[in-house]
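Dock chain C against chain V, hints included.
2 protein chains.
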Amino acid sequence: MERAIAAAKAAGQAGEVPVGAVVTGPDGTVLAVAANEVERRADPLAHAEMLALSAARARGGEKYLLACTLTVTLEPCALCAAAMAALRVGRVVFGAYDPKGGAVEHGPRLFEQPTIHHRPEVIGGVREAECAALLREFFGDKRRA
Amino acid sequence: MERAIAAAKAAGQAGEVPVGAVVTGPDGTVLAVAANEVERRADPLAHAEMLALSAARARGGEKYLLACTLTVTLEPCALCAAAMAALRVGRVVFGAYDPKGGAVEHGPRLFEQPTIHHRPEVIGGVREAECAALLREFFGDKRRA
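In order, the protein sequences belong to chains V and C. FYI, in our numbering the residues of the first sequence are -17 to 127. FYI, in our numbering the residues of the second sequence are -17 to 127.
Excised from the complex, chain V in its bound form (with noise of 0.2 Å):
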């Protein structure tokens, strides 16, 4: 979490949606690193998690993420969490809670979905008083503005 909270923090003060999110392998090998880049890339599908799960899919050279674990800032959204299904990511690790955009521990919940074909481990709020401030400051920022 600390290299995505890292991630977040770099992508706030470039004006975008503090966001972070690694792709580790089963040993722990750090397989890519990537933050939201939706203003950048003037792409509403760049999310960070988007980014690091084509990165390390394209790392390892496998169609799947099998036994790969996906640490993110923020819950991630139904996007990404169908994602993370289709690559069938082994394990979820997110930061802030998101009662709003959230696709696993609200709104569709998608991996409860007896249609889903891959249901992640998941283990939310992990530093996420820390997370979460993060988005906090930039909107504070951004409405200040």
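What the hints contain is simulated information worked out from the structure, not anything from laboratory work. There are no misleading hints in this set.
Identical copies carry no separate label here, and so any pair may be met within one copy or between two of them.
Simulated crosslink set (DMTMM-like; lysine to aspartate or glutamate; CA at most 25 Å straight-line): (1) Lys45 to Asp123; (2) Lys82 to Glu94; (3) Lys82 to Glu110; (4) Lys45 to Glu21; (5) Lys45 to Glu19; (6) Lys82 to Glu103; (7) Lys45 to Asp25; (8) Lys(-9) to Asp25; (9) Lys(-9) to Glu19; (10) Lys82 to Asp25; (11) Lys(-9) to Glu119; (12) Lys45 to Glu103; (13) Lys82 to Glu21.
Relative to the frame of chain V, chain C by itself:
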């Protein structure tokens, strides 16, 4: 839908699950045509819709696909439906219904979720029998192989 079906057929002949997608602009101009490339790219996220959406967005140079229509031969899954919401696609037209993997009229019914940020207009079942037959024939052939 004609071009989406043609793309799906070509994909099926190349050993991909036969799904094709087209993005058209507000004036009906074709912005992108794509087919499922999951096997060729060894990428479980390379669905026809994802490829067509990305190509159309890159071509348009805008962040969103407002007032665009995504036409696809199969009911979109959660990944593709979430991408359409994120890209604010104006309208989704699909062919065959997918009770197992669909996320528009089945499963999480993403566009009906209260937390979704954007709800495209949805028209399902267009040339349904033809689109469904493509898939049935493909999987029938697979089972006999």
